[in-house]
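Student: With the sequences and hints as input, model every part of the structure.
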Amino acid sequence: MAGVIAAVGISAAVLAQDNPQSILPPGFNEQVPAAATNTTIAGPTTSQPSQSTRSESGSVVVSSLSELTAEEQELALLEPVPQIELPAGSERDPRLAGPIPAGEAGFGETMWGGSSGKFLSRLMRSNETPLASRWGHILLRNALLTAAPAPSDVHPADWAAERAWLLLRMGEADGARLLVSGVDVADFSPKMFQVAAQSALANGDPSALCPLQDGLEKVERKILPLVRAMCASLSGSNEVAASDIDSARRRGSFQPIDLALADKVVGAGADTSRSSTVEWEPVDQLNIWRFGLATATGAVPPERLMGRAPPRMLAWQARSPIISPEAKLAAARVATGLGVFSSQALIDLYSLIYDTTDASDLGETDAWQYRLAMVGRDQEERVGAIRKLLQSAKTPLEKEATRAALARAASRIVPNSDLQDIAPDLIAAMLAGGYDREAQKWASVIDDMDDEQGDRCWAMLALGAPDFRVGGGDLAGFIGNDESPGRQRSALLVAGLAGIGRISAAEAGRLNKRYGFGLGRSNEWTRMIDGASSRGQSGTVAILAGTGLQADDFNSVPALHVYHLVTALNRNGQQFAARMIAAEALART
Numbered sequence: 001m002a003g004v005i006a007a008v009g010i011s012a013a014v015l016a017q018d019n020p021q022s023i024l025p026p027g028f029n030e031q032v033p034a035a036a037t038n039t040t041i042a043g044p045t046t047s048q049p050s051q052s053t054r055s056e057s058g059s060v061v062v063s064s065l066s067e068l069t070a071e072e073q074e075l076a077l078l079e080p081v082p083q084i085e086l087p088a089g090s091e092r093d094p095r096l097a098g099p100i101p102a103g104e105a106g107f108g109e110t111m112w113g114g115s116s117g118k119f120l121s122r123l124m125r126s127n128e129t130p131l132a133s134r135w136g137h138i139l140l141r142n143a144l145l146t147a148a149p150a151p152s153d154v155h156p157a158d159w160a161a162e163r164a165w166l167l168l169r170m171g172e173a174d175g176a177r178l179l180v181s182g183v184d185v186a187d188f189s190p191k192m193f194q195v196a197a198q199s200a201l202a203n204g205d206p207s208a209l210c211p212l213q214d215g216l217e218k219v220e221r222k223i224l225p226l227v228r229a230m231c232a233s234l235s236g237s238n239e240v241a242a243s244d245i246d247s248a249r250r251r252g253s254f255q256p257i258d259l260a261l262a263d264k265v266v267g268a269g270a271d272t273s274r275s276s277t278v279e280w281e282p283v284d285q286l287n288i289w290r291f292g293l294a295t296a297t298g299a300v301p302p303e304r305l306m307g308r309a310p311p312r313m314l315a316w317q318a319r320s321p322i323i324s325p326e327a328k329l330a331a332a333r334v335a336t337g338l339g340v341f342s343s344q345a346l347i348d349l350y351s352l353i354y355d356t357t358d359a360s361d362l363g364e365t366d367a368w369q370y371r372l373a374m375v376g377r378d379q380e381e382r383v384g385a386i387r388k389l390l391q392s393a394k395t396p397l398e399k400e401a402t403r404a405a406l407a408r409a410a411s412r413i414v415p416n417s418d419l420q421d422i423a424p425d426l427i428a429a430m431l432a433g434g435y436d437r438e439a440q441k442w443a444s445v446i447d448d449m450d451d452e453q454g455d456r457c458w459a460m461l462a463l464g465a466p467d468f469r470v471g472g473g474d475l476a477g478f479i480g481n482d483e484s485p486g487r488q489r490s491a492l493l494v495a496g497l498a499g500i501g502r503i504s505a506a507e508a509g510r511l512n513k514r515y516g517f518g519l520g521r522s523n524e525w526t527r528m529i530d531g532a533s534s535r536g537q538s539g540t541v542a543i544l545a546g547t548g549l550q551a552d553d554f555n556s557v558p559a560l561h562v563y564h565l566v567t568a569l570n571r572n573g574q575q576f577a578a579r580m581i582a583a584e585a586l587a588r589t
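Residue numbers (this note's numbering): 1 to 589.
No lab work stands behind these hints: they were computed from the structure.
Glycine included, each C-beta is placed from N, C-alpha and C at the ideal position.
The reader is advised that the hints may include incorrect statements.
[Unchecked claim] Simulated restraints, written as ranges between beta carbons of each label pair:
hint, residue 1, residue 2, range
1, Gln285, Glu398, 23 to 31 Å
2, Leu362, Gly520, 53 to 61 Å
3, Ser484, Val375, 48 to 56 Å
4, Ser522, Gln344, 37 to 45 Å
5, Gln379, Asp355, 24 to 32 Å
6, Ala345, Glu452, 47 to 55 Å
7, Glu217, Ile422, 53 to 61 Å
[Unchecked claim] Calculated cross-link-like contacts (lysine to any residue; reagent style SDA-like; alpha-carbon spacing at most 25 Å):
hint, residue 1, residue 2
8, Lys388, Asp355
9, Lys399, Leu372
10, Lys399, Val383
11, Lys222, Ser235
Tutor: What follows is the structure, given as structure tokens:
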């Protein structure tokens, strides 16, 4: 982690993505001209890397923040732009787009306060997902989906588009669709037209492209022949659709796979005998166009392509109703690990698999193990199933998904120090699912555990339990036993405890000075999130928290970030999220 906020990609060079690539699949050759307002959004699978890069530690590294700081100051001095006049008879105000009413997720109507929408838009655009924290993902998603008045210095449709675009990159296809559908097409900006097209494809819903045709004329002109053909077929104009497809084929403007997938959508229209064969063998790249149309028609891309797909695309696949539960199980585990799926959503999927599997084949399947974990004959059998499931998780995302899915089962295990070898995973599972009160019950047996396991359990409960008294001796003992590189786990623990107010600032300062945790440093990001916190801008705090969690895992998240973001969340009505993120940092390191 080098220099000021080296792990956060928020320099002007990173934010100013003025030439994003379009949605077009490979083979369209010509890039779509930028809209007059220069608000084109990049396609999730075709955009070029930004000027930031991931360091070997997994964090987003930038070289300077000086330009951003100057720009932020400039934006802060801008006079509010004139209010947008809504068309006569408009039924919905685009300024209030969002499916979650203000207040329901802990964000009020003033969640953006006097923040610059232009600055926040660039900040959102720069976020390199996925985040290191599952609870951080959930927090940011809720903020983006909340219906609060848009900042005054951005076009309302552009503001909704930027939020939807970040949701798509987070894997939240359904959230993006809900946000896009909250704005009337008559109020769309060029940016919103392109994001709406991205959303339609991520959701595997080509019919959602049809109301966008006039707007796509300006931002995605090259795909219009195929969009018009698909929409003609879906509306029953089969002859027109067939003619458009044949015309596109004669022009040779499209790669065979892209044309075949569009033709397959046309063939799925009513009263048509048209059929198309999709040949995946020569395809070596899966982009959003191919994913969306393949998902819509059930032509699931082969494993060799999905295996190289980014996590967001796997999350998109996981929510597709057209794909069988077995075929999308791996994707659903990724979605759960990210935070796109809840623990219950993954359990529901396993239940569907269980119900459709022959009894003779259940055996040692995961679906059977989850059933045993919940309703086994006794605690020994339930714990045995939990052990097997935890051991089967190979990647960090799979492990976090397994923990989340086991949250309810773990909450039914009676605390016992004899289970100390699995106790840290049980507590981590309960906290991953939000069962904080159930997890707190394990505090009564920690003293009877060995130091290593007891320390891990104590640290998670000290941060995540709703009511926990932190003793100085316990904290000193944890730090003394900590063998993590640079005492990273101790730094995260002290940062979290100070952030949620379970140790005093003076105690945190003393420990920081003694062990060199780096919690007293300051940079542009810390000053921005502290300022937003002091002004009560809870939405801005959430976006900045997401910025501070840009890393491959918590080992790459500086304790400095955890301290400031947990403090800011705790002060702005997000006490539960603050505790869960702090505890997750210890659970995943």
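Student: Each hint needs a verdict: does it hold in this structure or not?
Tutor: To see whether the hints hold, each was checked on the structure:
no.	hint	result
1	Gln285 to Glu398: 23 to 31 Å	holds, 25 Å
2	Leu362 to Gly520: 53 to 61 Å	holds, 56 Å
3	Ser484 to Val375: 48 to 56 Å	violated, 37 Å
4	Ser522 to Gln344: 37 to 45 Å	holds, 41 Å
5	Gln379 to Asp355: 24 to 32 Å	holds, 26 Å
6	Ala345 to Glu452: 47 to 55 Å	violated, 34 Å
7	Glu217 to Ile422: 53 to 61 Å	holds, 59 Å
8	Lys388 to Asp355	holds, 21 Å
9	Lys399 to Leu372	holds, 19 Å
10	Lys399 to Val383	holds, 17 Å
11	Lys222 to Ser235	holds, 21 Å
In this structure, the hints that do not hold are numbers 3, 6, in rising order.
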